[in-house]
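J.: What follows is each chain in one-letter form.
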Amino acid sequence: SQQGEEDPQALSIQEGENATMNCSYKTSINNLQWYRQNSGRGLVHLILIRSNEREKHSGRLRVTLDTSKKSSSLLITASRAADTASYFCATLSTLGRLYFGRGTQLTVWP
Amino acid sequence: DAGVIQSPRHEVTEMGQEVTLRCKPISGHNSLFWYRQTMMRGLELLIYFNNNVPIDDSGMPEDRFSAKMPNASFSTLKIQPSEPRDSAVYFCASSSPGHSYEQYFGPGTRLTVT
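Residue numbers (this note's numbering), protein chains in the order written: chain B, 1 to 110; chain X, 1001 to 1114.
The following block holds chain B by itself, in its conformation from the complex (with noise of 0.2 Å):
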């Protein structure tokens, strides 16, 4: 397959601490995405990584890729409650479509 899976399916942390979820997949890439999604509303875009990018920074958040472990992370620093949300990372395909894996649903305790 190539969806991306992610790791773990749930994280619940308190506000102040650093969030980390992990993505895995299994086929070459053009790009890899981060999306959002607050309940009961469609999925955002948060961040875009290249292939040929080793990490990438946007406010709280930070990304890397080891495109030889075929892997990533997601890093929301300093979290807060208005991050509790799923958190999706979607793998683009040379045919220019998206594979989503399954989420990491994170909780941030106030």
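Just so you know, not all the hints are guaranteed correct.
Stretches of chain X that chain B covers, calculated by requiring three or more beta carbons in the stretch to come under 8 Å of a beta carbon on chain B [to be verified]:
1) 1038 to 1048
2) 1103 to 1114
Below are the SDA-like pairs computed for lysine to any residue, each with C-alpha atoms no more than 25 Å apart in a straight line [claimed, not checked]:
3) 70/B <-> 1045/X
4) 1024/X <-> 40/B
5) 69/B <-> 1101/X
6) 26/B <-> 1003/X
7) 1024/X <-> 41/B
8) 1024/X <-> 36/B
9) 26/B <-> 1057/X
10) 1024/X <-> 26/B
11) 26/B <-> 1102/X
12) 56/B <-> 1098/X
13) 26/B <-> 5/B
14) 1024/X <-> 37/B
15) 1024/X <-> 1008/X
16) 26/B <-> 1056/X
17) 26/B <-> 1060/X
18) 26/B <-> 1058/X
19) 26/B <-> 1097/X
20) 26/B <-> 1101/X
21) 1024/X <-> 99/B
22) 1024/X <-> 95/B
23) 56/B <-> 1102/X
24) 26/B <-> 1037/X
25) 26/B <-> 1040/X
26) 56/B <-> 1101/X
27) 1024/X <-> 46/B
28) 70/B <-> 1101/X
29) 26/B <-> 1039/X
30) 1068/X <-> 93/B
31) 56/B <-> 1097/X
32) 56/B <-> 1096/X
33) 1024/X <-> 69/B
34) 1024/X <-> 39/B
35) 1068/X <-> 99/B
36) 1078/X <-> 94/B
37) 1024/X <-> 96/B
38) 26/B <-> 1008/X
Read the hints as simulated data drawn from the structure, not as lab findings. Note that the coordinates shown come from a computational prediction; the quantities given were computed from them, not determined experimentally. We put the beta carbon where it would ideally sit given N, CA and C, even for glycine.
Let chain B serve as the given structure and place chain X on it in line with the hints.
T.: Chain X in isolation, oriented as in the chain B frame:
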């Protein structure tokens, strides 16, 4: 831009009825995707179009499902006849190569078939 627009937001119907979901992609985007999301199966790609042409419909569950894209600004997903197991949230998303295929999702249609 208003983003991806979907209608209706909620649909409750009886088993056996026809259901039509509608989507307006972001202007200028040439790819459109229909997804279904349930607790059991997660986010599933049903079908996607490039330049109004269906590229991959392997995710369409069965012949009861059909999708059309008559022009670049409109697409429909039809279920006929509907069944209780079709109950889910259906998302439409659009993208373009100019944005590295980042997908923009609509708010979804929550379908309940009783």
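J.: Against the structure shown, which of the earlier numbered hints fail to hold, in ascending order?
T.: 6, 10, 33, 36 and 38
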